[in-house]
Each structure stands twice: as structure tokens, then as C-alpha cells.
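Colleague: Sequence:
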Amino acid sequence: MNLPRLTAEHALGPSLGTYATSAARLPDGMTVAPMASLSCLSSCVGPGTAIRCGVQCRADLDCWRRCAGVSQTDCLSACFAT
Numbered sequence: 017m018n019l020p021r022l023t024a025e026h027a028l029g030p031s032l033g034t035y036a037t038s039a040a041r042l043p044d045g046m047t048v049a050p051m052a053s054l055s056c057l058s059s060c061v062g063p064g065t066a067i068r069c070g071v072q073c074r075a076d077l078d079c080w081r082r083c084a085g086v087s088q089t090d091c092l093s094a095c096f097a098t
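With the numbering used here as the guide, the letters of the sequence shown map in order to residues 17 to 98.
Bear in mind the hints are in silico, worked out from the structure with no lab data behind them. Mixed in with the good hints, there may be bad ones.
[To be verified] Pairwise CB distance ranges, derived in the manner of DEER restraints:
#, residue 1, residue 2, range
1, 82, 55, 20 to 26 Å
2, 18, 93, 15 to 21 Å
3, 18, 55, 36 to 42 Å
4, 78, 54, 32 to 38 Å
5, 18, 63, 40 to 46 Å
6, 59, 18, 41 to 47 Å
7, 56, 78, 51 to 57 Å
8, 90, 18, 48 to 54 Å
9, 87, 64, 38 to 44 Å
10, 90, 64, 17 to 23 Å
11, 18, 78, 51 to 57 Å
12, 68, 94, 17 to 23 Å
13, 63, 97, 17 to 23 Å
14, 79, 55, 19 to 25 Å
A virtual CB, placed ideally from N, CA and C, is assigned to each residue, including glycine.
Generate coordinates for the entire structure from the input sequences, incorporating the hints supplied.
Modeller: Structure below.
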């Protein structure tokens, strides 16, 4: 069986999501930036908190202090620096 070359434009099934390619489609003040890895954030605050606060706070360390209840953000800062 020969399979066609699979790319983002050519797949075997329907698309499961889309990418925002225009700044007009992003919320105000946001830019496209990589998110720190979940494993790194989980090692700092635990997996449940990493998921909850990651969605809410992104890379805002002040938000992480409030959301995760941590006073030191050195570990989190290192995750976002990678």
C-alpha cells in the first residue's frame, strides 16, 4: 500500500484544529510565543496546578504567584527561559 506524503495540508482524515495565522485573530495584546514545557512547569508546582495556571497565566509570573500560591518564581522563570 502506498500512502501519499502527509503534510499539514494533506492528511488521511479531517483536520482536528486550525492555526491562527493573523494577529487579527489573536486576543488583544497577545503574540504567538512558545509555551514552557508542561513537564518543566509540573516539576515546579505539580501537574494539576501547571495545567490550570498555565492556561490562565501563560508567562505572567505575577499571575503564577497568585494562581499557584508560590512566593519564589525562579523555577517557573527558568521554564519560560528555555
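Colleague: For every hint, state whether the structure bears it out.
Modeller: For each hint, the structure was consulted:
Look at residue 82 against residue 55: about 23 Å separates their beta carbons, and that is inside 20 to 26 Å. Against the hinted window of 15 to 21 Å, the Cβ-Cβ separation of residue 18 and residue 93 comes to about 49 Å, which falls outside the hint. The hint said 36 to 42 Å for the Cβ distance between residue 18 and residue 55, and at roughly 37 Å that hint holds. In this structure the hint that residue 78 and residue 54 lie 32 to 38 Å apart at CB is violated, the actual value being about 21 Å.
About 42 Å separates the C-beta atoms of residue 18 and residue 63, a value consistent with the hinted range of 40 to 46 Å. Judged by the Cβ atoms, the range 41 to 47 Å given for residue 59 and residue 18 holds: they are separated by roughly 44 Å. Here the CB-CB span from residue 56 to residue 78 is close to 19 Å, at odds with the stated 51 to 57 Å. Checked against the hint of 48 to 54 Å, the C-beta distance between residue 90 and residue 18 comes to roughly 53 Å, which is consistent with it.
Judged by the Cβ atoms, the range 38 to 44 Å given for residue 87 and residue 64 is violated: they are separated by roughly 19 Å. At about 21 Å, the beta-carbon gap between residue 90 and residue 64 stays in the expected band of 17 to 23 Å. Our hint of 51 to 57 Å for residue 18 and residue 78 holds, since their Cβ atoms are close to 54 Å apart. Between residue 68 and residue 94 the CB atoms are about 20 Å apart, so this pair conforms to the stated range of 17 to 23 Å.
In this structure the hint that residue 63 and residue 97 lie 17 to 23 Å apart at CB holds, the actual value being about 21 Å. Distance hint for residue 79 and residue 55: a CB-CB separation of about 20 Å, consistent with the stated range 19 to 25 Å.
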